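Residue numbers (my numbering), protein chains in the order written: chain R, 1 to 325; chain X, 1 to 325.
It is possible that part of the hints are untrue.
Copies of the same chain look alike in the list, so a pair counts if it fits in one copy or across any two.
Claimed, not checked - In silico DSSO-like links for lysine-lysine, alpha-carbon gap of 30 Å or less:
1) LYS189 / LYS267
2) LYS28 / LYS60
3) LYS211 / LYS71
4) LYS317 / LYS261
5) LYS324 / LYS48
6) LYS239 / LYS189
7) LYS251 / LYS239
8) LYS324 / LYS60
9) LYS83 / LYS250
10) LYS119 / LYS211
11) LYS119 / LYS89
12) LYS48 / LYS3
13) LYS196 / LYS71
14) LYS189 / LYS76
15) LYS51 / LYS261
16) LYS48 / LYS250
17) LYS261 / LYS211
FYI, nobody ran anything at the bench for these hints, they're computed from the structure.
These numbers were taken from a predicted model, which means no experiment stands behind them.
The chain contents come next:
Number of protein chains: 2
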Amino acid sequence: MIKIMVDLLGADNDENLLFNGVVEALNKYDDLIVYACVDENLDTTKYKFDKDRLVIINAKGNISNYDTPTKAFFAKDDSSLVKGLNIYKNDDSINGFISCGPTGIILVSAVLILGRINKIRPALAPLLYAGDHQFCIVDCGANSDTRVQEFSLFAKMGTAFMNVMGVDNPRVYLLSNGVEESKGSDIVKEAYLELKDEPSINFCGNIEANKVLEGDADVVVCDGFSGNILLKSIEGSTKVLGLDVIAQAKKYNIDDETITKLVNSLKYKYDYNTQGGAILLGVNKLVIKAHGAATDETIYNTIIQAYNLIKKDFITKIKESIKKI
Amino acid sequence: MIKIMVDLLGADNDENLLFNGVVEALNKYDDLIVYACVDENLDTTKYKFDKDRLVIINAKGNISNYDTPTKAFFAKDDSSLVKGLNIYKNDDSINGFISCGPTGIILVSAVLILGRINKIRPALAPLLYAGDHQFCIVDCGANSDTRVQEFSLFAKMGTAFMNVMGVDNPRVYLLSNGVEESKGSDIVKEAYLELKDEPSINFCGNIEANKVLEGDADVVVCDGFSGNILLKSIEGSTKVLGLDVIAQAKKYNIDDETITKLVNSLKYKYDYNTQGGAILLGVNKLVIKAHGAATDETIYNTIIQAYNLIKKDFITKIKESIKKI
Chain R
1 MIKIMVDLLG ADNDENLLFN GVVEALNKYD DLIVYACVDE NLDTTKYKFD KDRLVIINAK
61 GNISNYDTPT KAFFAKDDSS LVKGLNIYKN DDSINGFISC GPTGIILVSA VLILGRINKI
121 RPALAPLLYA GDHQFCIVDC GANSDTRVQE FSLFAKMGTA FMNVMGVDNP RVYLLSNGVE
181 ESKGSDIVKE AYLELKDEPS INFCGNIEAN KVLEGDADVV VCDGFSGNIL LKSIEGSTKV
241 LGLDVIAQAK KYNIDDETIT KLVNSLKYKY DYNTQGGAIL LGVNKLVIKA HGAATDETIY
301 NTIIQAYNLI KKDFITKIKE SIKKI
Chain X
1 MIKIMVDLLG ADNDENLLFN GVVEALNKYD DLIVYACVDE NLDTTKYKFD KDRLVIINAK
61 GNISNYDTPT KAFFAKDDSS LVKGLNIYKN DDSINGFISC GPTGIILVSA VLILGRINKI
121 RPALAPLLYA GDHQFCIVDC GANSDTRVQE FSLFAKMGTA FMNVMGVDNP RVYLLSNGVE
181 ESKGSDIVKE AYLELKDEPS INFCGNIEAN KVLEGDADVV VCDGFSGNIL LKSIEGSTKV
241 LGLDVIAQAK KYNIDDETIT KLVNSLKYKY DYNTQGGAIL LGVNKLVIKA HGAATDETIY
301 NTIIQAYNLI KKDFITKIKE SIKKI
């Protein structure tokens, strides 16, 4: 059986909405058991699913974006996130953990509870599409300030991640404001030199933000702040353009419903949330951070994502790769 | 007469292509004189325009992205950029300067030749659309490393810029990885505190990259590296989505030509290059940096942009505002 724990509380949307995603996933895979961290407001009676494959963990949704990570960790051990992670840590049969809570608090709690592989600095890595080809961005927000030596760590973790995803010798690019070696902030220029000299990765040079979706890169390495700007900007600008295309359709005598279907069919490529969440690379067990604005569809997709990674023995392979770092 | 100097050499495309944009602009405004920095390969004979309103400045296109800015400035005074800027500096009747050359070299040369207003640090500010509403990003790449005190300078210059563009009390946001005051890299968190305490601007808090195109901000303040990521990511991801929409149209029985027209009609909103260039705020005369991959259309639009800014007495108003800083 594949056992996945899902924290349904840290998100903007109500757990009753999100729970639909859990039900859908349980009905898809009959070897799936979900541990759902919820509060007393969840009503599971109205859903049709195999109830023997749902374990309810009663907790509180008392962590918000306004809590500081360490304070939340120490003061709120009854929260869905901290309570859930503690159970997850102690039960080897549970293979994955999903939360929509605040990034910083997930990071701190996962590090303190689950521990880091080889004491490295974890990073958040979402998968996006460039054409039909998937690539990852490391880091997209686990570290707001990144030291130079962490860039090559991110490159190695991203390489290990893409190896598990079936990509041999992934092409690693460094996000910068120009392709030339001389371009970038001081730290990015230093990182370039480190990456260039790193024999264990396939470093291909700098990449500019306007080229990221063109398919050259398998791994885009950046500090967490820039990665967050990149990721959210892709998400936001494609969303706005999509809405614009729909709004203009009438002018060109294109049927509203048809253009909406067309635009929605592309959504998955540019909003990684529709596909699942970002993997927290570098901690001892599989942790996926889903979007704070997750819907039931996000929860469903993230459970499927976790299920597939677990089937691929993701965490064992990542650990093996990271231990070589 | 409005006199604008255009450096046709630093771009990726050939001056003969770009010159079409000059001709088109000359034919649009009969009070426009263009000073074109070109080399001996330009053939103006085949074009139809009022030749009395074109001044040719013979120079060399010997600056590339691989030159270091100060070296290029000192070693290449016969280049179109350095020679052009020197003529521009000494002729008060010329009101604007446009180049598609490398950002760093334009910045260094403009600062050294034209001088800075009040010795402040210049920043590059492009205008983008959020809906029908224009906003600017300051800085988008003049400074790869930004000190904390420069964020409030960028906010003030952006405010002055949007004032000239007709926006009263522009809403200033700080680009960050979360809306909460506690979010951001160390320098962004410090900048937040500075901006919050700055009485001369209308600071509205942090903005995330996925919200930038939603219309809340008139000025988005950021370090030049992040601004470059943001700007190029908007440009690149909307371009890729646009191509995807066109490629999928057939599947939905939408006519190829119609969907291409629709998508192209929106292009101007997300690629500031189609509208002109980024303004180099903080130097003593009007300088516009157009895209390195400029086409004749870009050149035309950038001349129109410069023409309109000059008509609005842009540089006098910016100077007045900046001198109060």
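Results of checking the hints against the structure:
no. : hint            : verdict
1   : LYS189 / LYS267 : neither (34 Å within a copy, 33 Å between copies)
2   : LYS28 / LYS60   : within (28 Å within a copy, 67 Å between copies)
3   : LYS211 / LYS71  : between (40 Å within a copy, 28 Å between copies)
4   : LYS317 / LYS261 : neither (38 Å within a copy, 48 Å between copies)
5   : LYS324 / LYS48  : neither (46 Å within a copy, 68 Å between copies)
6   : LYS239 / LYS189 : between (32 Å within a copy, 28 Å between copies)
7   : LYS251 / LYS239 : both (20 Å within a copy, 21 Å between copies)
8   : LYS324 / LYS60  : neither (39 Å within a copy, 52 Å between copies)
9   : LYS83 / LYS250  : neither (51 Å within a copy, 51 Å between copies)
10  : LYS119 / LYS211 : neither (33 Å within a copy, 35 Å between copies)
11  : LYS119 / LYS89  : within (17 Å within a copy, 57 Å between copies)
12  : LYS48 / LYS3    : within (19 Å within a copy, 75 Å between copies)
13  : LYS196 / LYS71  : between (39 Å within a copy, 25 Å between copies)
14  : LYS189 / LYS76  : between (41 Å within a copy, 25 Å between copies)
15  : LYS51 / LYS261  : neither (35 Å within a copy, 53 Å between copies)
16  : LYS48 / LYS250  : neither (41 Å within a copy, 39 Å between copies)
17  : LYS261 / LYS211 : both (27 Å within a copy, 24 Å between copies)
Of the numbered hints given earlier, the model fails hints 1, 4, 5, 8, 9, 10, 15, 16; all others are met.
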